[in-house]
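Residues per chain are reported as follows:
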Amino acid sequence: GENVEQHPSTLSVQEGDSAVIKCTYSDSASNYFPWYKQELGKRPQLIIDIRSNVGEKKDQRIAVTLNKTAKHFSLHITETQPEDSAVYFCAARGDYKLSFGAGTTVTVRA
Amino acid sequence: AAGVIQSPRHLIKEKRETATLKCYPIPRHDTVYWYQQGPGQDPQFLISFYEKMQSDKGSIPDRFSAQQFSDYHSELNMSSLELGDSALYFCASSSQGAGTEAFFGQGTRLTVV
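If you read the sequences in order, they're chains A and B.
Quick note: the first sequence uses our numbering, first residue 1054, plus one each step.
Quick note: the second sequence uses our numbering, first residue 14, plus one each step.
Think of the hints as simulated: they come from the structure by calculation, not from any bench.
Fair warning: this is a prediction, and the values are worked out from it, not measured in the lab.
We put the CB at the ideal spot given by N, CA and C, even for glycine.
Each hint should be verified, as a subset may be incorrect.
Stated by the list, open to error - Label pairs and their computed distance ranges (CB to CB):
hint, chain 1, residue 1, chain 2, residue 2, range
1, A, T1131, B, K65, 28 to 38 Å
2, B, H23, A, G1108, 41 to 51 Å
3, A, K1124, B, E30, 42 to 52 Å
4, A, E1092, B, F82, 24 to 34 Å
5, A, E1132, B, Q67, 40 to 50 Å
6, A, H1125, B, E27, 22 to 32 Å
7, A, N1056, B, H23, 25 to 35 Å
8, B, T124, A, G1108, 15 to 25 Å
Unchecked claim - Reference listing, derived: stretches of chain B covered by chain A, where coverage requires no fewer than 3 residues with Cβ under 8 Å from a Cβ of chain A:
hint, stretch
9, 58-70
10, 114-121
Claimed, not checked - Here are the simulated BS3-like cross-link-like pairs (lysine-lysine), alpha carbons at most 27 Å apart as the crow flies:
hint, chain 1, residue 1, chain 2, residue 2
11, A, K1124, A, K1111
12, B, K26, B, K70
13, B, K65, A, K1150
14, A, K1150, A, K1095
15, A, K1150, B, K35
16, A, K1124, B, K35
17, A, K1095, B, K70
18, A, K1095, B, K26
19, A, K1090, B, K35
20, A, K1110, A, K1075
Taking the hints into account, I'd like the entire structure generated from these sequences.
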């Protein structure tokens, strides 16, 4: 089955700096890679996603890159703000299963 | 816009009791996923359904069962509850045909005492 690894597990950045989270996946059949933001006790919220036929996607301060050959994808948050503090999960999807990474706790220091 | 609805939001059960969690997917979504999330953990995939048939199975204990009904809502049945079953249970739905974005419900917090 799919195995998704995510690094780092914790990330502390100064407000205004950039944050980068990296994930690798094992199943070459995976074709969809979403990123979720989860605040304590709340549901995971989809923030951006990328499909296997695209190498990069950007939405305002958030961007995601995908390298299918190397089986890794990354989340980039620029100009971080305190409200970006949360746990971020990457995920990879093959057919009918969405497999999650272990999560990255991001803390933005004011 | 309609979202994924889960009920109940909170549930307290005693050990060895049974619990039933319900999930109502976004209209026209044909796939439902169930996840278990312990404190500080990532969501663990339990089981998924596509068009009312089980499509994939993860780390779901034999004490748990699930099904998807003709109206696409799904139920997770949990029997012989153990203290370790205490967790947040999320349901997510997506549409295989229209795209693959999966949206999560607000979750059911199950506490086993």
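For each hint, the structure was consulted:
A:T1131 and B:K65 have their C-beta atoms about 43 Å apart, which leaves the hinted 28 to 38 Å range violated. The hinted window of 41 to 51 Å between B:H23 and A:G1108 holds, with their beta carbons roughly 43 Å apart. A hinted range of 42 to 52 Å for the beta carbons of A:K1124 and B:E30 is consistent with their spacing of about 43 Å. Taking the beta carbon of each, A:E1092 and B:F82 are about 31 Å apart, inside 24 to 34 Å as hinted.
Checking the proposed 40 to 50 Å range against A:E1132 and B:Q67 shows it holds: the Cβ atoms sit about 44 Å from each other. Distance hint for A:H1125 and B:E27: a CB-CB separation of about 45 Å, inconsistent with the stated range 22 to 32 Å. Between A:N1056 and B:H23 the beta carbon distance is about 33 Å. The supplied range of 25 to 35 Å therefore holds. Hint check: B:T124 to A:G1108, Cβ distance near 45 Å, so the stated range 15 to 25 Å is violated.
Counting residues of the stretch 58-70 of chain B whose CB falls under 8 Å from any CB of chain A gives 5; the rule of at least 3 is met. Remark: the stretch 114-121 of chain B is confirmed as covered by chain A, as 7 of its residues place a Cβ nearer than 8 Å to a Cβ of that chain, reaching the required three. For the given pair, A:K1124 sits about 19 Å from A:K1111 by alpha-carbon distance, which is consistent with the 27 Å threshold. Annotation: proposed proximity of B:K26 to B:K70 holds, straight-line Cα distance about 25 Å (limit 27 Å).
Restraint check for B:K65 and A:K1150: satisfied, since their Cα atoms lie roughly 15 Å apart, inside the 27 Å limit. At most 27 Å may separate the alpha-carbon atoms for a hinted pair to count; A:K1150 and A:K1095 meet this at roughly 21 Å. For the hint linking A:K1150 to B:K35, the alpha-carbon distance of about 19 Å falls within 27 Å, and the restraint holds. The suggested pairing of A:K1124 with B:K35 is violated, with an alpha-carbon distance near 35 Å, which exceeds 27 Å.
A threshold of 27 Å between alpha carbons decides the hint, and for A:K1095 with B:K70 the separation of about 24 Å falls inside it, so the pair holds. For the hint linking A:K1095 to B:K26, the alpha-carbon distance of about 21 Å falls within 27 Å, and the restraint holds. Between A:K1090 and B:K35, the direct Cα distance comes to roughly 24 Å. Compliance with the 27 Å bound is thereby established for this hinted pair. For the given pair, A:K1110 sits about 15 Å from A:K1075 by alpha-carbon distance, which is consistent with the 27 Å threshold.
The earlier numbered hints that this structure contradicts are 1, 6, 8, 16.
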